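Each chain, written out:
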Amino acid sequence: MWVEGAVSLIMALVLYCLIFRFRDATFSFVNLFRHRRRTLSTVLAIVSGGVAIFLYGGFIDYSFWILKEQTIRTNIGHVQIYHQSYFDTANKSKSLIKNYASLKHDILTDPTLAKDISALSGQLEFTGVISQYENETSSYFSGLGIEPLPAIKLGAFDKIISGSDLSRIKPEEVTLGSGLAGTLNAHYADWLDVIVVNTAGGQGAISLKLRGIFASGIKDYDDVAMKIPLKTAQRIMGTDGVSKVLILLNNDDVEPFMARLKQYIADNHLPLIVKDWKETSLFYQQVEGMLSGIYFFIKLIVAIIVVFMIGNAMTMNIIERTREVTTLRAMGLKPWHVTRLFWLEGVFIGMIGALGSLIAGYAFAALINISGIAMPPSPGQSFGYTAFIKTTDPELFWTTWVLPIITASLASILPAVRASRLNIADAFKFS
Amino acid sequence: MIQRSNLLPIICLCLSVVTSAGAANASALPAVDSVLQHDFPPQPAALARITESLFQEYTRTGNAASLVFYSYGMLQQANYFVSVNDVIHAAEYARTGFFYLDEAVEGHENDPRIRYLRARMDAYLPAELGRCVITLADTERLLKTKWDRAITAHINAMRYKALQNCHQDEQARQFLAQSKTVKPAGDDSPAWRHEEVTNIIQPLVKGH
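So the protein sequences, as listed, match chains A and B.
If you read the first sequence in this note's numbering, its first letter stands for residue 1476, the second for the next number, and so on.
If you read the second sequence in this note's numbering, its first letter stands for residue -3, the second for the next number, and so on.
None of these hints come from the bench; they were simulated from the model.
Predicted model only: the values in this text are computed from it and were never measured.
Wrong hints could be hidden among the right ones.
Ranges between beta-carbon positions, derived for each pair [what the hints assert, rightly or not]:
hint: 1; chain 1: A; residue 1: I1769; chain 2: B; residue 2: E105; range: 52 to 62 angstroms
hint: 2; chain 1: B; residue 1: S79; chain 2: A; residue 2: A1481; range: 55 to 65 angstroms
hint: 3; chain 1: A; residue 1: S1593; chain 2: B; residue 2: T57; range: 24 to 34 angstroms
Lysine-lysine pairs mimicking DSSO-like chemistry, simulated, CA-CA at most 27 angstroms apart [as the list claims (entries may be wrong)]:
hint: 4; chain 1: A; residue 1: K1750; chain 2: A; residue 2: K1579
hint: 5; chain 1: A; residue 1: K1645; chain 2: B; residue 2: K140
hint: 6; chain 1: A; residue 1: K1590; chain 2: A; residue 2: K1809
hint: 7; chain 1: A; residue 1: K1737; chain 2: A; residue 2: K1590
hint: 8; chain 1: A; residue 1: K1684; chain 2: B; residue 2: K202
hint: 9; chain 1: A; residue 1: K1706; chain 2: A; residue 2: K1567
Built from N, CA and C at the ideal position, the CB exists for glycine as well.
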């Protein structure tokens, strides 16, 4: 908020000078060309910092975006609906949403909700033991019963590394995470035996065929995950309910949709609660916090560099132009008038630097975006991604424009005030 | 997610379908007919339209050829999204394409021509997509069906390619030694041959 206020004040002052003190503005601007080399080096320093802000800002914008999409599209969705007791009990069988089929139908036929929904799927979570008897191996697994068609979008970032996705036609065929498949030494078309404790507390067993192996990139998940068609999962677990309902939206307007969904739940007196993807994604929050901290640090360093560069250039200017300044004072210019002239020089340098930062930053970003930057895996992940510089965010342009101007304006104040306080007699000290 | 290079062979395959199958009489399926005669359009909006009309045609007629061509259309669109760095749509469209390609086969388990079309697509995809295991299963079943000599040679070539993609190099060498008809193909999908159009595509399009 203070940034907007400071920028408005600076712009108002510059505008005032351009309209009512045009000669002063022209004088200050033309003065920049009297010491071209110094002006150029100052502008270049500002541009270097501005480009760093633009590129890193665009890079973390893209990183946030891809991490967000990766989170949402690995079977999380934008919005999740849970039974209200879901987070109160460790026994997930006791907190199932019982009437899933009718809930799904009602949500998808509600005009205020349906228009924003891209995909909706129930998800039944369960655990058990999975065995590959031919290899004499068994392992613990974490099962996800999901609907195959919506799962195309909801799990779009689960990379299939062997075989196929789940099928609507082959309900007895499942997919395994790469780590779990490796543990079982299971391959495409192998038969697996699964034992679970169903919702009634009894045992359930079923033979399933391995249809595909996927890798989400999250090792802990890939080591235990089994995806299975929802209907089959419900049959094994002896329920027609689901643990949660995942909703993928057509857009990123999560909050308005959540508000409408909560209203719908309240109107129908349903024992459900709603969470958005961020609330359940601790990893995203941690990465966002870390990258934002680094970005702030870079902006701080650039601001300090600009302050010192402008301060230094202006101070040298004043020393070299002592005779000129004192002559102006001797001609009758008020100290405030001299301050304004020097301050305007600083602001103009900041504006030229900001403009140069935007042009150079955008050009570099376009160059980098031709092939992207190969990034190593994030902590806890098993494969990296190709990063790009996102240049569609207006805030990025705003920051790159504003930061050099504000810092240049602030850095110019002290030297400009110092210039106005020069003693007229000092002119005689300079030959 | 799909890498940029992964879907290029799909384009070659789809283009070659069009080139060689232009003569196919497909009046029962106007959308399929249109693709066979005029190719998938390169413009994204037109490509989306023809792909959607293929799906509507499948919904209306239930003809598996429309579903297979719809899958090809989705994969073409995925390739377009890869080219503009739209990883989300690329992933969604590619998965949808493969989903319906698999569904076409699984919904017509006993029709080896659909399975042949899937194997023809999968065999020449990059190994990292992991479709080679499906091709191996498909070609194993296809080789149990009676085909003419030329088609059998194609199936053998697909199987050999799949063995290579699955890094079963020793089995690939043995298979090459056993099957005298195998002509190792390159990485790109070969152009469709006359015998494939007459024995596979035309009967499917006509609903035989």
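A quick look at each hint next to the structure:
no. : hint                                    : in the structure
1   : I1769(A) to E105(B): 52 to 62 angstroms : holds, 55 angstroms
2   : S79(B) to A1481(A): 55 to 65 angstroms  : violated, 43 angstroms
3   : S1593(A) to T57(B): 24 to 34 angstroms  : holds, 27 angstroms
4   : K1750(A) to K1579(A)                    : holds, 17 angstroms
5   : K1645(A) to K140(B)                     : holds, 22 angstroms
6   : K1590(A) to K1809(A)                    : violated, 66 angstroms
7   : K1737(A) to K1590(A)                    : holds, 16 angstroms
8   : K1684(A) to K202(B)                     : violated, 34 angstroms
9   : K1706(A) to K1567(A)                    : holds, 18 angstroms
Hint check: violations occur at hints 2, 6, 8; the rest are consistent with the structure.
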